[in-house]
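As you go down the protein sequences, you meet chains A and B in turn. Position one of the first sequence corresponds to residue 1 (this note's numbering), numbered consecutively onward. Position one of the second sequence corresponds to residue 1 (this note's numbering), numbered consecutively onward.
For the record, the hints were derived by calculation from the structure and aren't laboratory data. Only true hints are included.
Here are some chain B residues pointing at chain A (derived, C-beta under 8 Å): (1) S165; (2) L166; (3) L167; (4) I308; (5) A312; (6) V324.
Rough simulated footprint, nothing fancy, chain A against chain B, three-plus residues with beta-carbon under 8 Å: (7) 15-28; (8) 156-163.
Small disclaimer: the values here were computed from a predicted structure and weren't measured. Don't be surprised by glycine CBs; every beta carbon is placed ideally from N, CA and C.
Number of protein chains: 2
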Amino acid sequence: MMLVSLSILGFGNVGRGVARVLLEKREWFRRKYGIEFKVVSISDSSATVWDESGIDLREALEVKETFGRLSYWGNEYDLYHLPPEDVAKEVESDVFIDLTPANPEAYKWHMEAFRMGRHVVTSNKPPLVHHYVELIQEAAMRGVNYRFEATVMAGTPIITLLQESLLGDGIESIEGVFNGTSTFILSEMERGLTFDEALKKAQSLGIAEANPDVDIKGFDAAYKATILHDITFEPISFKKVKVRGIDGVSEEDIRKAAEKEKVIRLMAKIERRNVVVEPREVPKNSPLAVYGTSNVALIKSDLLGELILKGAGAGVKETASAVVSDIIKCVRRS
Amino acid sequence: MMLVSLSILGFGNVGRGVARVLLEKREWFRRKYGIEFKVVSISDSSATVWDESGIDLREALEVKETFGRLSYWGNEYDLYHLPPEDVAKEVESDVFIDLTPANPEAYKWHMEAFRMGRHVVTSNKPPLVHHYVELIQEAAMRGVNYRFEATVMAGTPIITLLQESLLGDGIESIEGVFNGTSTFILSEMERGLTFDEALKKAQSLGIAEANPDVDIKGFDAAYKATILHDITFEPISFKKVKVRGIDGVSEEDIRKAAEKEKVIRLMAKIERRNVVVEPREVPKNSPLAVYGTSNVALIKSDLLGELILKGAGAGVKETASAVVSDIIKCVRRS
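Isolated chain A (complex conformation) (with noise of 0.2 Å):
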């Protein structure tokens, strides 16, 4: 049996469904792949509840949901107040894992986790979107793995099947669909609501933010098209992708679209050195004419052709769903 620790950074929904499933798959894990996970630190904004011989997921979870927040727990186990940079050096673990929402300062955090020898999974974008290059060369100078899966289309395994299969293509492009706020947006304005009305549907299901910009804007789609094209082609910086959101899209272009048995959806064309995020019309019966929280990519290389891959973009069990793989990918005997 292999023992492997686990420090989590962040319990908000991801946190807790990576929680659930390494509480609910232990004796899977133990017999699939000869892996037992201990999680020995797990950090939200109120504290750090810290013990190398193993947290109690049970409650942990149970704390995190009737209280709120991890403070609230200070019978059993010692609280720590640390920065997420200190977790990531101090906390002695195996795998760093950072559930955190986007955060800037995300890839300091990933480097000293790096520097002390662990290996990273996340599913915060920036790092990856801005410091791609010094994470990608920390990560292999350390001789460990940086992974993030759940960083684009969730669990559905783009960035697996782009790092591990195709290795003698050259791939030409990726088009997708890889924001669902959007794709839900543009299907409600499809049935009639205004694109005001489908944004404030959106918000109040949960599906928008209170400040939707990162998705109307087409920010979110875009971050996820960078971090495809660094590891497609070459690291290209964020302020060379050319972004529009859906923001602009009026029912008169939905209407226009329909009568061409078109609908409209946020695509991204991911190129060598191009990438461009923009409302584009897609055939009702195109593959790409994704709905709900579905995300869709079109590969296409030259000795392959045509690809396509579509799955969940979203969802707490979907994201959980490529964290716990690709923790087991960085520590499984292959």
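With the hints as your guide, set chain B onto chain A.
Relative to chain A, chain B alone:
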């Protein structure tokens, strides 16, 4: 630069396709992976050309395409007449590449290559279908790789995806269309041809063999489904696989399906200890309703939900894509 020696068994369409990629992308492989490939033997049914210092692939392709057999190429290289097992054993190579047509004896060659410490890459299905456990165990024991992406869906990386991603997911089922010849015949019947007419057309276009049984009786799809079952769940005896081909599909069946906006496809369904291949109705606008040589797989798992992978299921370049990717995967520093 890492020098990697290859021994290629089988110099038909796929073998030559692989040689062409190795030739045309030589510089790119050096730059991208730091790998220099050297082909030290090529065998067709007429002879084995064997030269430890490396064979000129351009000439090999010319000889084969001009004269139809390698045995005509006697001036520069020594010709050998060796059974495949001896090629696997005697030719010093890092990777033994078996691209011969389905051959029940091939597992012996693979075993021999493993014993000699060579990785094996193959497009040959019977060894996987009938000798999965002993082959996997031997490769593991020798610390070498056994890769066979080309056996299912040509270069569409269903096998790599199942082996390298979704590692925390429990796979519930895989459904898919894995035989393009059946799809071609059914599509032609949708356009009004009888089964016999469609079969003859497929034969005249070289899509179906003179003896078409392996395709139209469902065995090809069943072999592929068995391989997917084995890597996803556990080895299953081919005798337990339920196979019904498209040879019983009538024009009447096609018409009835069309009335319901459906098409008939030869579908494989893979669940734990249960593999079924049979013609089934699928809605015309379903992702499973593929056309041409496209193959599709719909993977259902407990965390991610539904994942669709669609791409080429046949073709020379498309199959070479899988073989070359596998070769690189065997030897690259990851």
